[in-house]
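Colleague: Sequence:
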Amino acid sequence: MYFIDVQGTLISDEDKSPIAGAKAFIRYLNENKIPYMVITNNTKKASSDFYNYLRSIELEFDFDKYLDPLMLLESRLPKDAVAAYGAEEFLQTLQNMGYKLDYKDPKAVLVAIKEDFSSDEYAQMIDFLLSGAKLVGMHETSIYAKNKKRYPGVGAILKMLEFATSSSYDVVGKPSVAFYQEALERLQKQEPTASFDKITIISDDVKGDLGGAKELGMKTLFVTSGKYRTAQEIVPFLDEKLKPDLILDDMQAVLESVQGEK
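For the sequence shown, the positions run 1482 to 1743 when our numbering is used.
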């Protein structure tokens, strides 16, 4: 059984095309009736729109095998008085969902990703948090890779704001326990006996996805096709308990490894 990340794992961070082996691996799981969930930290596009994009590039899986943070947001954050920060697409998606954006007296500061946050935006976030607003991250990614550059991910930004204001924060998407629990419950509709200790999670974010998953008992498989160019950039510096169980180049290598186990 598998949890499978998307950006940097199934699709390229550069041009959003399928990474080598991605289509074949999904097809292999379908043909062999192996339970899985595609779990992404997508926040820019509406869930149905991003799912439809993945289908358009021939990643052939049903919507009931898909989960992103926007699908949980309404149960985690009230829609009134939210100061949201992220790409314009994200802000528009929030408003389409009925969220009321408020940059005067917000009850919550909601952080998603973009590559060009300004110092003034960070200053505004800090002021709101020091005035009592709640801090919420759409996810807790370590690095945001775009245009062949690597920017601080939402997780890094949340840590900075926590340090600056002593505000604790909640996370909607990966690697929150609530997100993984929701993914597990959906997986159990495919296989009722599914449990965290029977799941292998595949991701390019060894800190933002795999660390939290490992703490829940999942087997972790780190692919170096996304945020990190080599395992040596990050793995030697991880806590021993959070190091991945397996490291492979990409989904083609994952497919060959799984087929070799049969």
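Mixed in with the good hints, there may be bad ones.
What the hints assert, rightly or not - In silico SDA-like pairs for lysine to any residue, Cα to Cα no more than 20 Å straight-line: (1) LYS1627 x ASP1597; (2) LYS1630 x GLU1495; (3) LYS1525 x LYS1585; (4) LYS1595 x ASP1494; (5) LYS1629 x SER1537; (6) LYS1497 x LYS1560; (7) LYS1581 x LYS1615; (8) LYS1588 x GLU1495; (9) LYS1630 x SER1493; (10) LYS1526 x LYS1588; (11) LYS1670 x MET1552.
Hint data in this document are derived by calculation from the structure and do not stem from the laboratory. Remember, predicted model here, so these are calculated numbers, not experimental data.
Colleague: For the pair supplied as a hint, LYS1630 and GLU1495, confirm whether the alpha-carbon distance does not exceed 20 Å.
Modeller: 10 Å, holds
Colleague: Regarding the pair LYS1595 and ASP1494, is the alpha-carbon distance no greater than 20 Å?
Modeller: 13 Å, holds
Colleague: Below or equal to 20 Å on CA atoms is what counts here, so check LYS1497 against LYS1560.
Modeller: 30 Å, violated
Colleague: Against the 20 Å threshold, does the CA-CA distance of LYS1629 and SER1537 hold or violate the hint?
Modeller: Violated. LYS1629 to SER1537 sits at ~24 Å, over the 20 Å cutoff.
Colleague: Could you grab the alpha-carbon distance between LYS1525 and LYS1585 and see if it respects the 20 Å cut-off?
Modeller: 24 Å, violated
Colleague: For a C-alpha distance cap of 20 Å, please report whether LYS1526 and LYS1588 respect it.
Modeller: With a Cα-Cα distance of about 24 Å, the restraint between LYS1526 and LYS1588 is violated, given a limit of 20 Å.
Colleague: Check the hint pairing LYS1627 with ASP1597 against an upper bound of 20 Å on the C-alpha distance.
Modeller: 11 Å, holds
Colleague: Verify the proposed pairing of LYS1581 with LYS1615, using a straight-line Cα cut of 20 Å.
Modeller: Given pair LYS1581, LYS1615 holds - Cα atoms ~15 Å apart, limit 20 Å.
Colleague: Sort out whether MET1552 lies within 20 Å of LYS1670, counting only the CA atoms.
Modeller: Measuring from Cα to Cα gives roughly 17 Å; hence the hint holds.
Colleague: Is the hinted pair LYS1630 and SER1493 satisfied, with a Cα-Cα distance of at most 20 Å?
Modeller: Status holds; Cα separation ~13 Å.
Colleague: For LYS1588 and GLU1495, compute the direct alpha-carbon distance and say whether it is at most 20 Å.
Modeller: Roughly 35 Å between the alpha carbons, so the hint for LYS1588 and GLU1495 is violated.
In the structure shown, a violation is registered for the earlier hints numbered 3, 5, 6, 8 and 10, in ascending order.
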